[in-house]
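J.: These are the residues of each chain, in order.
Protein chains: 4
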Amino acid sequence: MADALTRNFGSDNVSPVCAPILAAIQAANAGPSGSYGADPFTERLTGVAAKLFETDVLIYPVATGTAANALALSQISPPFGGIYCHTGAHIVTDECGAPEFYTGGAKLLGLPSTTGKIGPQALSAAVAFAEEMGVHHVRPSAVSVTQATELGTVYGLPELSALTAAAKRHGLNVHMDGARFANALVRLGCTPAEATWKRGVDVLSLGASKNGALCAEAVVFFNRPLAEGFERRRKQAGHLWSKLRYLSCQLLAYLEDGLWLRNAAQANAMAARLARGLAELPFASLLQNVEANEVFVALPEKLIERLEKADFHFYRWPLIEVSEGAAVRLVASYATSEADVDDFLREIRKLA
Amino acid sequence: MADALTRNFGSDNVSPVCAPILAAIQAANAGPSGSYGADPFTERLTGVAAKLFETDVLIYPVATGTAANALALSQISPPFGGIYCHTGAHIVTDECGAPEFYTGGAKLLGLPSTTGKIGPQALSAAVAFAEEMGVHHVRPSAVSVTQATELGTVYGLPELSALTAAAKRHGLNVHMDGARFANALVRLGCTPAEATWKRGVDVLSLGASKNGALCAEAVVFFNRPLAEGFERRRKQAGHLWSKLRYLSCQLLAYLEDGLWLRNAAQANAMAARLARGLAELPFASLLQNVEANEVFVALPEKLIERLEKADFHFYRWPLIEVSEGAAVRLVASYATSEADVDDFLREIRKLA
Amino acid sequence: MADALTRNFGSDNVSPVCAPILAAIQAANAGPSGSYGADPFTERLTGVAAKLFETDVLIYPVATGTAANALALSQISPPFGGIYCHTGAHIVTDECGAPEFYTGGAKLLGLPSTTGKIGPQALSAAVAFAEEMGVHHVRPSAVSVTQATELGTVYGLPELSALTAAAKRHGLNVHMDGARFANALVRLGCTPAEATWKRGVDVLSLGASKNGALCAEAVVFFNRPLAEGFERRRKQAGHLWSKLRYLSCQLLAYLEDGLWLRNAAQANAMAARLARGLAELPFASLLQNVEANEVFVALPEKLIERLEKADFHFYRWPLIEVSEGAAVRLVASYATSEADVDDFLREIRKLA
Amino acid sequence: MADALTRNFGSDNVSPVCAPILAAIQAANAGPSGSYGADPFTERLTGVAAKLFETDVLIYPVATGTAANALALSQISPPFGGIYCHTGAHIVTDECGAPEFYTGGAKLLGLPSTTGKIGPQALSAAVAFAEEMGVHHVRPSAVSVTQATELGTVYGLPELSALTAAAKRHGLNVHMDGARFANALVRLGCTPAEATWKRGVDVLSLGASKNGALCAEAVVFFNRPLAEGFERRRKQAGHLWSKLRYLSCQLLAYLEDGLWLRNAAQANAMAARLARGLAELPFASLLQNVEANEVFVALPEKLIERLEKADFHFYRWPLIEVSEGAAVRLVASYATSEADVDDFLREIRKLA
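Chains as they are written, first to last, in our numbering: chain A, 1 to 352; chain B, 1 to 352; chain C, 1 to 352; chain D, 1 to 352.
Because the hints were derived from the structure by calculation, they are not lab data.
Predicted model, so just to flag it, every value in this text is computed and none were measured.
Virtual Cβ for every residue (Gly too), placed ideally from N, Cα, C.
Careful, some of the hints might be misleading.
So the derived list for chain C, only partly shown, Cβ under 7 Å to chain D, looks like this [stated by the list, open to error]:
(1) V17
(2) G31
(3) S35
(4) F101
(5) L188
(6) S209
(7) N223
(8) W241
(9) K243
(10) S323
Based on the sequences and whatever the hints tell you, model everything.
T.: Here is the structure:
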């Protein structure tokens, strides 16, 4: 009974649950099990995460990315704090004020850039301004980096190190919004540890929903003291499931045998295939480096309309200004096939 | 890999997902589908709920009972409001301050009673006190009734009418915490409409997780103006799933063909069977009328310990003071069988 | 143009500003001065407080007792915390949910007693219950003691030590609501240090408004790390005055040369005089020990009405149940004279 | 004992209390008076404000501008709301997150401009973007205009009408931050009614502290239903004084016989005199129209340093970028004299 979302390049979150994760949910249903995390799945998750990240971590499953981000941020900024991030970060544009609500009033301080990334100079300048303003300005408390970014780019490891080094100099905690962390990891080709705590990340929102899960994200604390009280914070927010095993088992299936990387590799490859195809078209201009599973491209207005009529699903992206035509975002997911991409490329040529 | 929670009378939330609901989740996984509720399951849910409740309702799925309660309460009380409820209500004792957090500071004003119910006289007296205190006291804003109550009793329809009539006289909105609403409905033998809005209930937290769902509750507004802004409130709280269809399909399977009542009837019947068996034992004293799926019974301390050693799972209930022995809560669920009950009754006789 | 509040025993907050404090405000008005605390009055206040309390303290002036309490509590309890206090504490009954609002959702956990005080056994029992409930219960975070209490009694130093010792064992921060701290200090006859940090108090709401100031309270941190971020918290709450000197100068005049103790001594003496007079009347029953500036007495209903008709101002106190007549609270302030008290005693005899 | 803040052009909030307001405080101190607003001063204030604004208003005194703004905004935006304002508005840059805290999470949505004003086109475009984003974006709820602006300019009446008309079309409530409302009114030369509710303003933060009061602002509701619950909100925030008469009497003295306009006229005239003098200097460039009591001027860096060494107090204004030298803000207050201005102009010529 799913609706006819064929030709889908709208979002990775419209894809169905991938088979191994659905199978894990069924397997977890063999009988009664302890509630609120007192179950073997949740208990095993911490060990699995520690092995994966090569360090003792604290990992807490929640059902949505907004919850993961907002709960994480509320651990690292007081109500009177400021959180630096990109002006187009998901926490700014797409979470309906969740960080402000969860922190009890903290302010998101946007730093602009054309690539979706923020850099150490802009961060330091903003902190210097705050210090000059004193008590009238929120307290510089944290920086939130999105990896991969909202514009489909990926911070390189040296870029990340430079940014977090600046953050640490200013006494800021570092959050990583990893709604598409697996996509970034595949791009970087490094270990999860090298991409996070070895770069100075204190807490990670680790996404799975966009990459094949039913509803699973995790808040992962590398800086364990920052997790103090987190269990009650999650409970108070209504984000502690009674039957938590059904969340934890998704994360186990996702992380334990490399499913997350296989899914992300497929999504990234399909975005790259799309980008390669689009690069050959004279009427299309790629607007960002395609480093994960998103492609931003400028297309003529007429062509966009024809694609829409042909039942292709995607979003226009007004936040990117282009001189001619309009910016469009195309997203590939683990469920996107070569045939899907080739169909799009064939049709766009035909409709142009 | 579920743990050996045999002989489980601890809670209805340790039971697995019942088969029709798991099947519904699988069926919803046929392909891509719109996100954030733009899917055919969620779209169908409102109509199903309207038919069930015989009136236009607004229904919003969320994953936990704490979320349902706290979000509902934040719609009907300002930060400077007071919410009247039983001193032992789940929102007071088991939600780690979620109502206070979500409302931005409202106060839960507990009214004591031995039955788990609150009555119109106590409510009116409390409101009168508030009015005398004026601006120094939070504003009387809402009353929250739990149906079935935390002590396994069920408000009769006249009782409910009398309470909500008093609430309306005082200008209070009426919330019903229906974590075990199906169990109450089975007991009452009336329609969902008769048990809710026809009695003056404005908004219902309709539970499914304890009665067979994986993770599904719904906030149901009968008083539609009170729902104003709810969608953004849910989003801001991180309780809007991207793949909402997997929540909505659970509720459809739960409500559409009577599964909720069949499951609740089984749970209630097993609690009644337990109660009948216990009533015959000279060393056991039933402490509350058994009107839903929970049994509260006083047992000798030694016997409690022997039951625990025999791997029976249940909770002591220190909130009920008894003169001899200790109070114990036994909960039946949809998954409890006659054999489970008879096993318990056989063993308790043997161990006594 | 003040209204005819003669025969006032209603509250100590209806008294006017005492002369030395008004003079201090005028003296501070000689010319321009730095804003937001960059003025010589505010700068001097910390030193004065340190000398008075015989230790390095951090002292922050605010205009109301509710602000002082709520801001202090928000420093020592997270949103998911619990704050133990007397069921009749001002923070529970008279601040319209300010602590819940400022902490972002913490719960006030009331401990009952007939004397207005809480004891270590009740505290420990409540903490033990919380620990058993685990994540579902707010985290035991702080205890708030009112000194003098809302019932006009005063914790003795050993009582206070026993309570704070229990608090520390349970990891709780200790707040003292000292809206009438000067009255307690006069009663105890000890130094400010002996009455606070030497007894384990971490943070004090030090009141002046009820004892002669125009509008001045101070949050005094003995446990300095707990003050971290307080300046921004006060600013964010709108409680940092631009012309802060006019608040600070009140506190200097209040504290520097003993005015606070002289005023409190007068108020206490007048309450004692009232109590002695009432004790001789066969139709009056004192309901609490009179240890500060408040007298609680049971009087016949008819007599109460006659006193009201004779323009005496006072409050009935329904929170104290009495077998005959009604409970009444009579408050003396620094501005109450022997003639005022004798007038009351003369009239009550006449009207009886 | 005030510090040597001679040659002060730093802020209008460093000036002392003007004589008539200090006299009013003394006059209010004749004896006891009802607390929490039950006093003749507070009772008279509503009538005075109604006469002044030529309509029934609700007026609530508070002690700080941040409190007035944040409390007002929390009445007109839900936690999931968005409040449009200038990017450099005081509520954005100088209140340490107070609006976010008081609203429980609302977002300030900054609209840039070089003049400190926002216009209807920018507002409509921002609302259109929000509507496209739907539930992921905070709900457009209110617009906050600063009059006079933070850059010393004043919205003309037609400008204001155009903006509020757009706001009303989009269903937005209109707040005016009138920290310097009297200065704007003097500039406009119209009645208070013409400058506010006749232009569509729903609620006004009416400042007095910068214009001669000790600590007095008022929240004035023209749209009375929006004030619903305000008294408890103010109480819960700790902004209801027990001895409220000492706040109310300041506002009476300020408003009743034209003191507010006389003070503002003096401040404006002195700013104009400064601007005229600076306009004649070849090395100084005025950066904004001088329409109230603030002058923004670009000066050579060396000259700025010499002025500082000569004990002139003022702020550099890094938010305004200039091609040469640096931007400086000079503020005149009711207490600024022609001699003060002429002294500055003489010295700057000498030091140049």
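J.: Compare the structure with each hint and give your call.
T.: Status of the hints after comparison with the structure:
Because the smallest distance between the Cβ of V17/C and any Cβ of chain D comes to about 5 Å, under 7 Å, the interface hint for this residue holds. Taking 7 Å as the C-beta cut-off, the interface hint given for G31/C holds, the closest approach to chain D being about 4 Å. Against a cut-off of 7 Å between C-beta atoms, the interface hint on S35/C holds, since the closest Cβ of chain D lies about 5 Å away. This hint holds: F101/C has a C-beta 5 Å from the nearest C-beta of chain D, less than the 7 Å allowed.
Look at L188/C: its Cβ only gets to about 25 Å from chain D, farther than 7 Å, so that hint breaks. At about 6 Å, the closest approach between the beta carbon of S209/C and any beta carbon in chain D falls short of 7 Å, and the interface hint on this residue holds. Evaluation of the N223/C hint against chain D yields a violated restraint, the C-beta minimum of about 22 Å exceeding 7 Å. With a cut of 7 Å, the hint placing W241/C at the interface with chain D holds, because the nearest CB-to-CB distance is about 5 Å.
Look at K243/C: its Cβ gets to within about 6 Å of chain D, closer than 7 Å, so that hint holds up. For S323/C, the interface hint is violated, the least distance from its beta-carbon to any beta-carbon of chain D being 31 Å, above 7 Å.
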